[in-house]
Amino acid sequence: MDIRADTPTVEQLMERYVGGNPDAFGELYRRVSPNIMGYLLRLTRNRERAEDLLQVTFSKLHRARESYLKGAPVLPWALAIARRSFLDERRAAKSRTEDLSADGTLPEPAPVPEGVSNDVSDAIERALDGLPEAYREAIQLTKISGLSIAEASSVLGTSETAVKLRVHRGYNLLRKELERFSRTP
Amino acid sequence: MSEPDPLDSLPWPGPKPPSMSCSQKIHQDCIKDLSPKACTSARRRAAMTLLIPVFTVGVFSLLAVWRGVEESVIRAGLLGALGWSVVLGVTLLVGLASPPGHRPRAALRWAVAVAVPAFFFLFLANTAWSLDSFATFTDHAHVQHTLRCGGICFVVGAAMSSGVMLLWRGTDPLTPGLSGALLGLVGGMGSALGMGIFCPSHETWHVCVSHGVVLASLAVLGGAAGRRLLSP
Numbered sequence: 001m002d003i004r005a006d007t008p009t010v011e012q013l014m015e016r017y018v019g020g021n022p023d024a025f026g027e028l029y030r031r032v033s034p035n036i037m038g039y040l041l042r043l044t045r046n047r048e049r050a051e052d053l054l055q056v057t058f059s060k061l062h063r064a065r066e067s068y069l070k071g072a073p074v075l076p077w078a079l080a081i082a083r084r085s086f087l088d089e090r091r092a093a094k095s096r097t098e099d100l101s102a103d104g105t106l107p108e109p110a111p112v113p114e115g116v117s118n119d120v121s122d123a124i125e126r127a128l129d130g131l132p133e134a135y136r137e138a139i140q141l142t143k144i145s146g147l148s149i150a151e152a153s154s155v156l157g158t159s160e161t162a163v164k165l166r167v168h169r170g171y172n173l174l175r176k177e178l179e180r181f182s183r184t185p
Numbered sequence: 186m187s188e189p190d191p192l193d194s195l196p197w198p199g200p201k202p203p204s205m206s207c208s209q210k211i212h213q214d215c216i217k218d219l220s221p222k223a224c225t226s227a228r229r230r231a232a233m234t235l236l237i238p239v240f241t242v243g244v245f246s247l248l249a250v251w252r253g254v255e256e257s258v259i260r261a262g263l264l265g266a267l268g269w270s271v272v273l274g275v276t277l278l279v280g281l282a283s284p285p286g287h288r289p290r291a292a293l294r295w296a297v298a299v300a301v302p303a304f305f306f307l308f309l310a311n312t313a314w315s316l317d318s319f320a321t322f323t324d325h326a327h328v329q330h331t332l333r334c335g336g337i338c339f340v341v342g343a344a345m346s347s348g349v350m351l352l353w354r355g356t357d358p359l360t361p362g363l364s365g366a367l368l369g370l371v372g373g374m375g376s377a378l379g380m381g382i383f384c385p386s387h388e389t390w391h392v393c394v395s396h397g398v399v400l401a402s403l404a405v406l407g408g409a410a411g412r413r414l415l416s417p
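In order, the protein sequence lines correspond to chains S and P.
Sequential numbering of the first sequence, starting at 1, is according to the numbering used here.
Sequential numbering of the second sequence, starting at 186, is according to the numbering used here.
Source of the hints: derived by calculation from the structure; they are not laboratory data.
Keep in mind that a hint or two might mislead.
What follows is a list of derived Cβ distance ranges for each label pair [unchecked claim]:
#1 26/S <-> 348/P: 32 to 40 Å
#2 7/S <-> 209/P: 20 to 28 Å
#3 218/P <-> 177/S: 42 to 50 Å
#4 168/S <-> 405/P: 28 to 36 Å
#5 213/P <-> 177/S: 36 to 44 Å
#6 130/S <-> 239/P: 53 to 61 Å
#7 239/P <-> 19/S: 26 to 34 Å
Think of the CB as a built atom: it goes at the ideal place given N, C-alpha and C, for glycine as much as any other residue.
Produce the entire structure from the sequences given, and follow the hints as far as they go.
Set out below in structure tokens:
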């Protein structure tokens, strides 16, 4: 028996959630939140900020659930909301004056995690974090979140050609970085 | 055969689950007040959207009869409105009748959003009954009439666009500006077609400025408003 035949899609779960089913939300959250969190972590490079933005994203999704159109792919929909929340937060942060710490000094930048790991996956993780934002986002959406080029282009509000170009350029930078990693003894 | 993507062979980092405390907070927020809501389809909303300009044209036709506009003028206006309703229907079908993510490419929908007002403009210029010189058009009485007519057209179109915008509110996080421009077009078209029946002047300059320019400007304003209203 094919078990997958009984497994509802995220779109079906979203419809049940709109219909008022709390269990559907639990399952929907379990399936989409790691992807959205991964995307927000890639954008913010800060776990605390990413979790705050995840809460904002789900809060918007909850408020806008009535406007979810039947059959719309949920992941690009949620990722677009997450991206907008990130941009809004960044805009607001830019317009605020620099926050001082309790002793009146300027806050220190967040510490960069140290320690070299030989794991290739960790190296990719670090190399990705070092890429320019546009390339990082394009690679995250297409290679890690699993969106198609068309879906990624609609989340990013750009053309498919631009997404392909960003992925390609990001990959070239990533390759250089990984070559350096492989030469490190 | 296409070459394999070298990126696919890399061991990409896996998904990142949020912390337990963050998940609990989100669950609490999203499950409280979880009243059942209706989940409507994009096609149904598009059909409801088309009814609004059709209704407006009907109201303007009744006003034209009440005002004593010649029957032949009303008939010609209704015929034009019928043809443009078909165009509007196709525009809605292409631009909004499927959910975001399943809609045709943005380039095609932008082309529709630009081509429809452009062809409507050409239609107005070619079907007007007379052409005054620019000097006559810019004299005081003509300008006043054009402003009054354009003002009514704009107010009615803006009200209709706002109505359809509310119907689609929060539905499109992917291309809200583009969807907004198409909704602005619906409002502008309904009002321009209605005014085409009701307005006594069928002079080229007048119809192009007070009906055509209003349609184009409502599409542009719809694009700007859509970015705020259509995104959740």
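So, going through the hints one by one against the coordinates:
{"no.": "1", "hint": "26/S <-> 348/P: 32 to 40 Å", "in the structure": "37 Å, holds"}
{"no.": "2", "hint": "7/S <-> 209/P: 20 to 28 Å", "in the structure": "25 Å, holds"}
{"no.": "3", "hint": "218/P <-> 177/S: 42 to 50 Å", "in the structure": "47 Å, holds"}
{"no.": "4", "hint": "168/S <-> 405/P: 28 to 36 Å", "in the structure": "34 Å, holds"}
{"no.": "5", "hint": "213/P <-> 177/S: 36 to 44 Å", "in the structure": "41 Å, holds"}
{"no.": "6", "hint": "130/S <-> 239/P: 53 to 61 Å", "in the structure": "56 Å, holds"}
{"no.": "7", "hint": "239/P <-> 19/S: 26 to 34 Å", "in the structure": "31 Å, holds"}
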